Each structure stands twice: as structure tokens, then as C-alpha cells.
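Asker: Got two chains here, each in a separate frame; can you build the complex from them with the hints?
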Amino acid sequence: MIRSGVARLILMRLAIAIPLLLIISFGIFSLVHLAPGDPVRALLGTRPSDPETLANLRERYHLNDPFIVQYGKWLGQVLQGDLGRSINGNRLVLSSIKERAGVTVYLCLVSTVIVLTAGILLGMLAAFKRGGRLDRFVVMFGVFGISSPAFVTGIFLLYVFGVVLGWFPTFGAGRGFLDRFWHLTLPSLALALSIMAIVVKITRASMIEVMDRDYVAFARARGMSAMRITLAYILRNALIPVVTAGGLIVIGFLANAIYVEVTFALPGLGSLIVDAVQKRDIPLIQGTTLVFALFVVIINLVVDVIYTLIDPRIRFGAVQS
Amino acid sequence: MSLHLDSAKPEGAPRATMSVAMVLAFVVVAIVVICAFFGASIAPDSPFTQRLDIGDVPPSAQFLAGTDLLGRDVLSRVIHGAWTALVGPVVVAAGAFSIATVLGLLSGYLGGMVDSVIMRWVDFMLALPTPLVAIVVVGVVGGGYWTAVFVLVILFTAPDTRIVRSAVLEQRPRPYIDAARALGISKTRILFIHILPNVLPIILAYVVLDFAFALVNLAGLSFLGLGVEPGTPDWGRLLFENRTILFTNPVALLLPAGSVILTAVSMNLIGDWLFARLTR
Chain A
1 MIRSGVARLI LMRLAIAIPL LLIISFGIFS LVHLAPGDPV RALLGTRPSD
51 PETLANLRER YHLNDPFIVQ YGKWLGQVLQ GDLGRSINGN RLVLSSIKER
101 AGVTVYLCLV STVIVLTAGI LLGMLAAFKR GGRLDRFVVM FGVFGISSPA
151 FVTGIFLLYV FGVVLGWFPT FGAGRGFLDR FWHLTLPSLA LALSIMAIVV
201 KITRASMIEV MDRDYVAFAR ARGMSAMRIT LAYILRNALI PVVTAGGLIV
251 IGFLANAIYV EVTFALPGLG SLIVDAVQKR DIPLIQGTTL VFALFVVIIN
301 LVVDVIYTLI DPRIRFGAVQ S
Chain B
322 MSLHLDSAKP EGAPRATMSV AMVLAFVVVA IVVICAFFGA SIAPDSPFTQ
372 RLDIGDVPPS AQFLAGTDLL GRDVLSRVIH GAWTALVGPV VVAAGAFSIA
422 TVLGLLSGYL GGMVDSVIMR WVDFMLALPT PLVAIVVVGV VGGGYWTAVF
472 VLVILFTAPD TRIVRSAVLE QRPRPYIDAA RALGISKTRI LFIHILPNVL
522 PIILAYVVLD FAFALVNLAG LSFLGLGVEP GTPDWGRLLF ENRTILFTNP
572 VALLLPAGSV ILTAVSMNLI GDWLFARLTR
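Heads up: the sequence lines are chains A and B, in that order. FYI, in the numbering used here the residues of the first sequence are 1 to 321. FYI, in the numbering used here the residues of the second sequence are 322 to 601.
Chain B on its own, in the form it takes in the complex (with noise of 0.2 Å):
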């Protein structure tokens, strides 16, 4: 799903000046990525070993971002938190656009009774609140964050689907498609080798903009005490977690939600600079 409403790029705006932005937005995004597979020989201490009997401190020389309210090293759990906040969204992204692709294509190029069938259901899923949705069924169903990554899937399903057909109706007129059908090459290998080709750089830009999208959700899941299991070092579960010591240590919540923030709006500039390039 992505809010890419912006059809009007500002033709004025000095491009240094947004490359700078862009060369941060990949360096965030390679910071998290490391984090994420490499964090246990990056965080300075375990992300669980509690302290009870100091709890929460500020930030001090000893640990950078301070302790939460078990003593336990904030910083390390902000870095090992890179992995839930990688693995879930790009499930999120890759698992709902695999579908989408599918039905996309076949809505797109088919017609008729296959694509008012596909149609309808996809508005329907878009008049549903989709944080709503995931939150009750989540919550009802339990299953922890693999629940809730695949309940994304399915909500996200609708709105790429609807991405992909639009770009798949673009292709249909074109001569290529034509030639095509003439030569009686099968329908199914229109789709996948002539058309797919021709909608993929599409996808891709969407697909990193559905990754920030998938970020922010399964954090607000795991803020609200779902998704994640209770202790795993997850960025949405450290607000949740830390809620209570705003005043004594600020700072357990003020880098978890930071790093929500950070990762999410550079896949979103990363999204947009892609959808730039590659639909140019």
C-alpha cells in the first residue's frame, strides 16, 4: 500500500540538495540493514541482561542511551531491534506484491468477469481501516508477529493489486502485445514475458514504498502490546515497554521511535526517487 499521491515533482528544487537527502536515506537504510544481520557483535552489551538493581538510568558513559525499567542496555536493544524491523515489512512488501502481481496482471490483461471479480473485492478491502483490521484480528487470533505480518500481506494485497493493473491496462494497447497475439504466442506467456517485464520497475518503486508503510504497521502492532512477543527487542515494543519512564529516561523512547521515523522516511524517499527513475 503506499500514499504516492504526488503526481507534480517540484522542477524548480535544486537537485543537490536532494541527492544529499537521498545519500542519507541509503546510509540509514545500510545502518539498519547491518544492525540487523550483525547487531549481536555491534551492541555493546546482551539486549537482555536485566539489572534490577540499578532499573532505569539516564544515558551515562557506561551505557549510551541508558537502561529501561529491568536495567536492561537501551542501545543494544534499539540495534537488535533492526531485525524485526527489516524482516517483517520486506515479508510484507514481497509476500503482498507476489500476489498482487498475480492478480494484477490477470485483472489487467483478461477483463471482464475476472477482473470485476478481482475489482470488487479489492474495493472492499480498501474501505476497511487497515490498522483497525489488524489490530482486532491480531489481537483476537494472538500468533505473535508472524500473525500479523501475514494479516499485512493480505491488507496490503488489495491496494498493490489495483497498482499492478493499472500499469498492466498501460501496456495492453501498446503494438508489442499486438505483435504478440498475432505470432499465437500462449496468454500466459504474455503476461509473464512480455508484459511482467514491462511492470516491474513499477513494482519495485512500490515495493520499498509498501516496506515503509509495513514498518509503521507493524510497529503501531507492537507499541499497542501485539505482534512481538513481550521482551523481544522489537522498536515498537521498546515504546511500548518504556512508556512509563518518559520522565526518568527519555531517551528509551526518544531512539526507538527516532529509528521508526528515520528507516521509514528514507525508504520513503528511496521509494519516490525509484518511481522517479525507473517510470520515467
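Here chain A stands alone, though its shape is the one from the complex (with noise of 0.2 Å):
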């Protein structure tokens, strides 16, 4: 029976998944003629414009088509993971973003992993001690990452321990997987802090809510050890509103991945988008645009399938309905 109300509910969430993704890539296949003038000018890039090569593009972007046809085609070649070939050095779209995903997805890795230790922690030390010095800290903390964006964030990490202190490289990702931490240690701090002060003021709010219910009060009256009440009755129903939040915290990390990885000078997803739109590679900008719209809406539906695995009234709320 529950296993059948999941299954119902992943169901549920695919059919306004994909909707969501068509409408997207619809979006994204529309930037060629959203971009000023002839769309073979803008796909052609800084190549020589003889007839030859325009007609190519012509053919090869089916620019002869009506809009819809283009985009069906478009489409059709994207779902047999055919994204086309970049304007500058004409490389296919795919292999190059093969090659840039594997610092962006570590970098974000280890961002998750001390956002969702030291963040929460925080916001549960925060809570317990309410009002005290370290709650202050806290808010003001919460203030602070809220309004700093990770460039920002990140330059300032870079002038401390890069340059005064010395203590980390300035850029690239490095080689090998020491080296390559050690290259990524203040990235990943940089882009953890930006989206670990969303985490601790939600913890800290829910967990103070939490800590304020009766069945709290009377698992204490029952003489349970704090350890047992912490754990088992108040961090876990405290932590739905962090899952619930999940889907604005994976947005948050991959958006703000952009700005740390072109900020570090490292060679991931989001340099290259920055990259590609600098000099207007169109079908890299939708190859990786899409990559990462894909990497969204993915993401999110996992996040809405732990959430209703881990809060049991959604679960059974699911069978009965």
C-alpha cells in the first residue's frame, strides 16, 4: 500500500516534471532568434560569412523550417544526445561539458557536505541557546550570508587566505585528488557559506517551534535522555522545512556555482556557460543551459520523493487519498 502511494506520487511529480522541462527547452531553443538580428549571423559566429557555410548552418539548424518544425527537430536530435558543435573550435557541446561537469559537481559535493553538517548544527546550537551570544552570532550570521553573494564571499576568502596568509592557491582546480582538494578547499567554502546561512535560519526557526511542542515537554516528563529527545522527537520533525526548502538550496548551490567557479578561474560547468555567453556561442549556451535546467528539475524531484519518505503523514496522506 505505501509503496504504491510513492510510486503514485513519483508518478505525479514526473508528469509536471517533464511538462516543465518542454516548456524549458522550448525557452532555451528560442534564444537563437531571442538574439539580435539573423540567426545565422548569431550562429555564425566570427567565421567567414561565404554562401557556402550559410547555407550549411541554414541546413544544419534547419533555419528553412517553420519555428515549431525547427524546434521539433532541435529537440529530437537534443533527446538522441546530439547538442550540436560549439561556434569557437567547433567541439561537440556534450564532450566539452563531459569534460567541465566533474569539477562542478565535486565543488557542490563538498559545499553539501558542510552546509548540512556545520549549517545545521548551527542553527541547532542557535536554537537551544536562544537569545545568548552565539544565537546573535548566528542571526547575524544569517544576515550577512543572506546578502552576500559567493563572488563576493569568495574574493574576500581569496585576499585572506590566498594572498595575507598564502595558504591556498588563487586558481585552477588542480590535479589529482589531494591537489585538487586542496585547489577546491576555498571554493567550496565560498559557495557553502552563500547558501548555509538559508539552512541555519531555517533550522534555528523550526527547531525553536519544535522544541516549544508538548509532546517535547512530555517525552522530558517521561524522564527520556536529552541525547534521545534531541535526536529522535525534536531534529527530526525540525528538519522537514529544511528538505521542503530543498529545492531553493539546490538552485542556490548550482546558480551560485557560476559565480564561485569564474571567480576561482575554475574549468567547470558554470565558467563555461559564463564562458559561452561572453562570446555568444549559442549552441554551447543551450547545451549547457539545458545540462543544467536537466540537473535541476532532477534534483528537485529526488528532494520531493526523500520528503515524502521522511515525513510519515505526506506518506500515508499519499495512500489514503
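Mixed in with the good hints, there may be bad ones.
[Stated by the list, open to error] Simulated restraints on C-beta separations:
| # | chain 1 | residue 1 | chain 2 | residue 2 | range |
| --- | --- | --- | --- | --- | --- |
| 1 | B | TRP442 | A | GLN77 | 25 to 31 Å |
| 2 | A | ILE310 | B | ALA361 | 53 to 59 Å |
| 3 | B | PRO522 | A | ARG133 | 28 to 34 Å |
| 4 | B | ASP436 | A | GLY76 | 33 to 39 Å |
Calculated from the structure, these hints are not laboratory results. These figures come from a predicted structure and were not determined experimentally. Don't be surprised by glycine CBs; every beta carbon is placed ideally from N, CA and C.
Answerer: Structure below.
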């Protein structure tokens, strides 16, 4: 019963995610026509504009067909894994993406670990010591964190740890596991700090709310250990809003990763997008943006499913409906 | 758009320290506003005068914040940068909330089809990563600063609509609405004369929070070399142009970076403060 409820929920989420992806892909495809001037010129880039190249481009991007047919053909190619070739360097967009994805994934994973451990811990401690010095510090940290974009935090980290102290390298992603870890410490920290504020804020607020509940007072009255109450009663319930904000957090990660990669000159997906945008390399922009959008939608889907799995009220609610 | 997620305020937090922070926040914003309007008379130098012979030098008595690669006075460029840091975010926050107020009022009060259509659109917009959309659209369409402002207005409208709508939904079951309807007052009049004044305080608090978020986003675009024209004294653009002189004159990066943070923090504090005061 429970399993079928969850399966139904996943199907329902998919029913939303797929049209969403279609709309996004349409928007991304339209970029060719959004660029000022003739789309062929936009696709031509800096190549010489002899009639033969122009004709080839029109053929390759189906520019002689009606708009909606162009989109259909483009989507067909994309679904077969063909994201086209970049204008600058004439490389397969898909292989550029594969080459760059590693750094971004690594960056996001390390930051996620920092955010989930340090962020939740800080939020908990602040809630326990409500009104105290630590709490005030955490609240101020939250305001600063939400106000400081990752590129600004990154510059301060670069200056303090890279220039003044000289502990960490100031650019590049490094080779090999250890070297990469050393190179990516500051970027991961910059990315984590920009997201952590949200997690700390939500954890703190929901911990404070849950701690005042009757079932916590009752558990205390029954003489349960403080540890057990905190972990099994307070934390488990307090973390639900954090998971709910998962979508917001994931989007925050990917979007801020762009700024962090540019700040620290890392060869990741984010800097690939910025590079493509600065050079107006339309196929590369389309490919990278599509991959980003796919990431966001898939991770949102996963977060939704996790959310239903940890909250029995929703799990059983899904069965009943 | 806002990340105002903190529903529980610390009850035990001493008021004195908070008000010191608030005073500082207002002082920072006042300085930014003064620099934006009177920057030309405050700045020690023109933000455009180049001294290629000296290049980038660290702070000295002549150049309090040093110079950039082209020998331009960094302090003057930061002071003049207050203009783009103020105008764009004001337009974004005011523009987005003007549209959002109309949509939110209609959606919250009329309900039904109008509500579903508007809310589906809001849900869709919220699924998009704002900075990425802004980067791609501004980069592809071109047009610089004002394109960026326009794109942000559109992107901010969706979450703002949701805020206005939920404020309207709170008003809808109140007796004064029933009374107004019983008197046969037109829907437009109920919406704009009766409901709007009651949701305006919440909107005002969020406009300030939107400003902070818009400032950060616009600075981010300039930092990527999009947004403002090359050479414009703009905090984000300064970070972009001075990236390479982190070792020779770090102040050229730290000063604009600090300006972005301080202004955004101050506006967030003021927004939170307004929110607590006006929605009590």
C-alpha cells in the first residue's frame, strides 16, 4: 500500500517535471531567435560568411523550416544526445560538458557536506541557546550570508587565505585527488557560506518551534535522555522544513557555483556557461543551460521523493487520497 | 523576491544591540544615497581619468584606495558606483512589486480560473534558477544594464505575486470585505480602495528586501562582464575589471566587495525591521 502510494506520487511529480522540461527546452531553443539580428549571423560567430557556410548552417539548424518544426527537429536531436557543436573551436558540446562537469559536481558535493553538517549544527546550537551570544552571532551571520553573493565572499576568502596567509592557491582546479581537494577548499567554502545562511536560518526557526511542542515536554516528563529527545523528537521534526526548502537550496548551489567558478577561475560547467555567454556561442549556451535545467529538475524530483519518505504524514496521506 | 524565512524572532535578544545595528544600517543606506546623487562633488577625482604611466598602485595619501590597471582612482570609482547600485535595484523592486500587486490582488480576491492561471505561471517561474536565466538572457539579448534590470523585474514578479496573494487571502474572510460587498461596491473599488491599503505594509517591507536581492543579482551580472557597459563605475564591474590586481592593489577589490555586502546587509536589516514593525 505504502509503496504504491509513493510510486503514484513519483508518477505525479514526473507528470509535472516533463512538461516543465519541455517548456524550458522551448525557451532555450528560442535563444537563437532572441539574439539580435539574423539567427544565421548569431550562429556564424567569427567564421567567414561565405554563402556555402551560411547554407550549411541553415541546413544544420533547419532555419528554412517554420519555427515550431525547427524546435521539433532540434528537440529530436537533443533527445538522441546530440547537442551540436560549439561555434568557437567547433567542438562537440556534449564532450565539453562532460569534460567540465567533474569540477562542478565535486564543488557542489563538498559544499553540500559542509552545509548539511555545519549549517544544521549551527542552527541547532543557536536554537538551544536562544537569545545568547552564540545565537545573536548566528542571526547576524544569517543576515550577512543571505546578503553576500558567493563572488563577494569568494574575493574575501581569496584575499585572506590566498594572498595574506598564502595557505591556498588562488586559481585552477588542481590535478589528482589531494591536489584537487587543496585547490577546491576555498571555492567550496565560498559556495557553502552563501547557502549555509538559509539552512541555519530555517533550522533555527523550526527547532525553536518544535522545542515548544507538547510532545517534547511530555518526552521530558517521561524522563527520556536529552540526547534521545533531541535526535528522535526534535531534530527529526525540525528538519522537515529544511528538506522542503531543498529545491531552493539546490537552485542556490547551482546558480552560485557559476559565480564561484568564475571567481576562482575553475574549469567547471558554470564558467563554461559564462564563457559561452560572453562569446555568444549559441549552441554551447543551449547545451549547457539545458544540462543545468535538467540537473535542477531531477534534483528537485529527488528532494520531493525524499520529503515524502521522511514525513509519515505525507506518506500515509498519499495512500489515503 | 525574498528569503524571509525566519518566522520566530529571538525574544530574549537585547533590544539595545539590535537598534545599534539598525542605526548603522540606516547610516550606510544614507551614505549610499548621498554618494549616488552627489558623487561628483564628493569624489576626490573623476572616475574616468586614466594615468597609464602609474598603472595600479596600492593606497597612498594621493589615492586613498589606490588605482586600477589604467591608473584610475578606485575610491572615486566606488563612490560613483553608488548610482548603479541604487537606481537599478529601486526600479527592479518597485517594478516587480507594481506588477505583482495587481496580479496578487486579482489572484487572491477573484480566485477560480484567474487564480489557477496566475499561480501556475508563478510555480513555473519559481522552478527557474533566477541568476542563470538572467545570465543567459542578458548575455544573448545584449543591451547592458537596462536589459538586466528588465529581466530581473520579470523574474522577481513571480515570487512577489505569491507574497501579495497570500496577504490578500488573509484579508478576504474579514468582515469589512463582506460589508463592502453588501453595500454593492464594485470589485475594482474593493480591491484597490479597501484591500490594497491593508496589504501595503507587507508589500513595503518586501520591496526593501527585494532591493537587497536585486542589488546582489545586478552586481553579479556586472561581475560576469554582462550588465553595465565596460568602463562604467559599478561595484560589480569593478570586481570584474580588477580581478587581476588582487596581489598588487587588493583594496580595488575589497572596497567594492565590501560596499555590495554592507548595502545588501543594511537593506536586509531594514526590511526585516519594517516587516516586524508593520505587520504586527
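Asker: Are the hints correct? Go through all of them and say.
Answerer: Checked hints:
The hinted window of 25 to 31 Å between TRP442(B) and GLN77(A) holds, with their beta carbons roughly 29 Å apart. Here the CB-CB span from ILE310(A) to ALA361(B) is close to 58 Å, well matched to the stated 53 to 59 Å. A beta carbon spacing of about 32 Å between PRO522(B) and ARG133(A) agrees with the range 28 to 34 Å that was offered as a hint. For ASP436(B) and GLY76(A), the Cβ-Cβ distance of about 37 Å falls inside the hinted range of 33 to 39 Å, so the restraint holds.
Hint compliance for this structure: no hint is broken.
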